[in-house]
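Residue numbers (my numbering), protein chains in the order written: chain A, 1 to 162; chain B, 163 to 944.
Hints listed in this document are in silico derivations from the structure and should not be mistaken for laboratory results. Treat the hints loosely; a few may be bogus.
Each pair of labels, with its calculated beta carbon distance range [to be verified]:
hint, chain 1, residue 1, chain 2, residue 2, range
1, A, 155, B, 274, 22 to 32 Å
2, A, 162, B, 291, 48 to 58 Å
3, A, 81, B, 185, 50 to 60 Å
4, B, 189, A, 111, 19 to 29 Å
5, B, 189, A, 96, 30 to 40 Å
Examples of chain A residues lying across from chain B (beta carbon under 8 Å, computed) [to be verified]:
hint, residue
6, 6
7, 9
8, 18
9, 70
10, 71
11, 75
12, 120
13, 121
14, 123
15, 125
16, 129
17, 132
18, 144
19, 147
20, 148
21, 157
Beta carbons: idealized from backbone N, C-alpha and C, even for Gly.
Okay, here's what each chain looks like letter by letter:
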Amino acid sequence: MLGAIFGGLSIVSSVIGASKQAKAQKNALKAQAEQDLRNAEIARENARDVERVGRITINDAKVAAARQLSTARASFVGRGVVINESGTTPEAVVQDMVRAGEIDVIRLRNNIEMEKRRALDQAENFEAQAGSTRKSASSISPGLAGITAGLGAFANNYDLLR
Amino acid sequence: MAIRVPTPPQMQVGAVQEQVTARAFQSVQYRADDFMGRQLSQLGQGLGALGQQIDAARTDTALLEAQEAINAKRRELFDPETGIYARQGANAVGVTDLVDQELTAFSDQLLASKKLSGSGREAVQRMLMAERQRAYESAANFELEATQKYQAQLNAANLEAQYDRLFRNPGNPAERDAAFTSIFNAATDRADQLGFTGNTEADRILRDQYIEEEVTKGLLAVADGYAAVDPVMADAFLEANADKADPQIIQQRRDQLKPLVVEAKAREFTSRALQADRSFGIRARDNVNHGTQIEYQMGPLRPNAPNKPLMNIIGTAVSDVLGPGARVVVTSGQGTGNASSGRHLHGSAADVKIYRADGSVVTMGSADMKAIAVAAASRGALGIGFGYGDMGDAMHIDMVNPDPGKGQDHAWGQANAMQEELVAAMRAGEAMVDKTGLDIIMDIEDPDVRDAALTRYRQEQNANYTTRVRASEEAALSIIEQMRRDHEAGTLKPQADYLNPATREVLGGNVNSVMSTYESIALGRPSDPVKAREVYAFLQRQANSGSVEERMAFATMNLELASEGQLSSEQMNTLYAQQIEVAASLGLTADNKLVTSSSTKTPYNEFRTAITQQMGTKASANAEDVSRNTAALIEWANVYVNQNGKEPTDIELASQARKILYGGDLTANPAGARNQLSGNLNEVYKQIESRETTLGDLRGAAQRGEFKLALPSSTGQLVDVTITAQMLDRLLAKFPNGFAGVPMTPRLVVTLLADMDPYMVDQAIAQQGGGTDTGSQIPVSP
């Protein structure tokens, strides 16, 4: 008889305990999801920052290139080198320098774009993770956990209750 | 995380770069706030474990208690004195169910009284179940064993009952069939129980053997049932059914039955032999002492008496059925030629009325009349009728063969209903008519039965002989008393008046004894009648008692009075002279006197004289024969003395007398026992054999080879048998005092020898036999 009482108490405790455990788990997951969402927003902000700073950098590059070219022309001219005659070396150098400036810009743009995309990817990852965690949290049912634990405890103590 | 912004190479103008710093991500790991929950869960587990611990302890206790209780219950159920083991036979049937019920109820009760968890209850249940199973098996084994034993007992009892049934109803076929069917079934059941299924050859043999064993017992029971009444029938039954049972056992039982069978057959043959002796010569003899009184009241048509043989047959048959003292009145005898059937023409037919000793008439068709008809048929009658015409209570008996041409038969009237039985009796009687008892005994094929029958036959004859002798002695004493009284009164009549044919018949061999005794009394103490009376009174007293010793004393006194051995020659001569005088005064003829043939009075001469006198007085049908035989005997005796230088012994003398009588010209008609001559020899032998002496003397005679007796051999012939000293030594060894003081006679010696060893005498007869004598079958002891 005493065994049966203990068996009953065991079941009750198991039900309540399991329910509480599930509830805590659910809350923790919810908080985790919210954090992920915040991280996603941060990642988007980072993408925007990259785009903005990139544009400034490209501009800087363009300015620098123009400056170098102007310097070269002035040098050539100063030395009396004709530069705008085709098929001559000075003209080839000027042209190379123009081309090099353009390549740099192009490369900058590519890099900026890739960095922005990486940040956006991170944001999406965080969002996905948040979705997943939220889903996990919503899937936890304290009542069900209580029932499950209760059944398990009942099964364990069934012999005492018979 | 730094934002990587491409920096133009060798930037020299406006070289300040905008530094972009990426925002850091949040990296907090949220943990579930489940401490309470986990604690509660652990508490639940702990409580469950505790409950289980408590339950386990309680279950263990319950198991121990249950074990103890079930042990007690088992002890109670299987107690050797009060439990199921005490049950036997029919009481043991059903103990398994009983044990099962008891334990089931006990288990339920026990479980109900315990508050146990499911597994605990199950554990106890398992334990109880195991205990119940064990108890069930024990009870089942016991019940099986007890039931088998009980079935075996029932089976055995049934078999015993059937054997008893067979033993009680051996001759009832319905009962017998039913009993054997039952035995076969019971034996088959038992064989099944014993495991003899008969599935294999060896097993089948065992099974058949077992069943055959029981059937054999049944057959033995039938045989025993028969044997209780008739061993011969039992033996015949066993012989007929030997193939149905174990032949060895059947033979064993037959061997066990053999003495009884032999005894029964011997009794049967002895009875037939004695009957044959009674019938022997009945058709030829003039006078048969059948004890039936014959009266003649014939009418004018058949006024003559029927012939003697027929009357012998009728008288004997009546005596057989009604006993002595009955009366036959012949109402119709020999006719004069007018008798219708012609049966009465030659005196071989008679119509008779029969009266019992109490005077009542035997009525027509009564059981007695039918029995007399059968007895007459078996004695030689050939025609019997009663219950016809105006015969009334009379019956017709004749010795005439029926003439079928005249429509005659062996039986007619109401007797016709017994035709078959009477004809069978006539045939049986015809088969025996020319046979003596010894012939019948010697015809027996089985030597064991023959020996037993011979011994019995001799005993019966001896008993009959003793009875006759006793009657003869009593008659002799009566006559002597009368003669003495008449003598004293002076009114003595001629001897013929005392020894007439009727008294001679009764006296038989005692005629001489009568005379010698009378003469001894009259002559031995002539001047002293008082003394003579005392002697006589003594003799009579001894004769009336009848113990062996007293009768021997009687014989002693008789001899003392008459014997020459006690007297000197002078005394003997004086005695004989006085005898002759007395004889003359009594008016006796010369033939009846005790005459001497020699002037020399020796014991031998005296005895020879006695023999010749016997021959003269008894074989006296022909005076010439008497004188010739007497002369021949005397001549032989003289030759014997001349040749051997000594006198012949009494035995040799008597033997020679018999040879002369039977081997000489004297015609004995008819030959065989019970005729006049055998009667004479009987007397001679009786005298010889009763001569008194001592055992020592007889042994002396035996050593000299002189102790001889004529005894009947297995073929019925008389053989001179020498009794040897060795035989007497055996007798002396058995009776060391040698019968001191007891007078001994040769006859008594032979009787004692035969009593001691019946086969010794028979062997002596067989070894010394081969005698050529024929004729007499004198009954001689043993």
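A quick look at each hint next to the structure:
| no. | hint | verdict |
| --- | --- | --- |
| 1 | 155/A <-> 274/B: 22 to 32 Å | holds (27 Å) |
| 2 | 162/A <-> 291/B: 48 to 58 Å | violated (18 Å) |
| 3 | 81/A <-> 185/B: 50 to 60 Å | holds (52 Å) |
| 4 | 189/B <-> 111/A: 19 to 29 Å | holds (27 Å) |
| 5 | 189/B <-> 96/A: 30 to 40 Å | violated (49 Å) |
| 6 | 6 | holds (3 Å) |
| 7 | 9 | holds (5 Å) |
| 8 | 18 | holds (6 Å) |
| 9 | 70 | violated (11 Å) |
| 10 | 71 | violated (10 Å) |
| 11 | 75 | violated (16 Å) |
| 12 | 120 | violated (13 Å) |
| 13 | 121 | violated (13 Å) |
| 14 | 123 | violated (10 Å) |
| 15 | 125 | violated (10 Å) |
| 16 | 129 | violated (11 Å) |
| 17 | 132 | violated (14 Å) |
| 18 | 144 | violated (14 Å) |
| 19 | 147 | violated (14 Å) |
| 20 | 148 | violated (11 Å) |
| 21 | 157 | holds (5 Å) |
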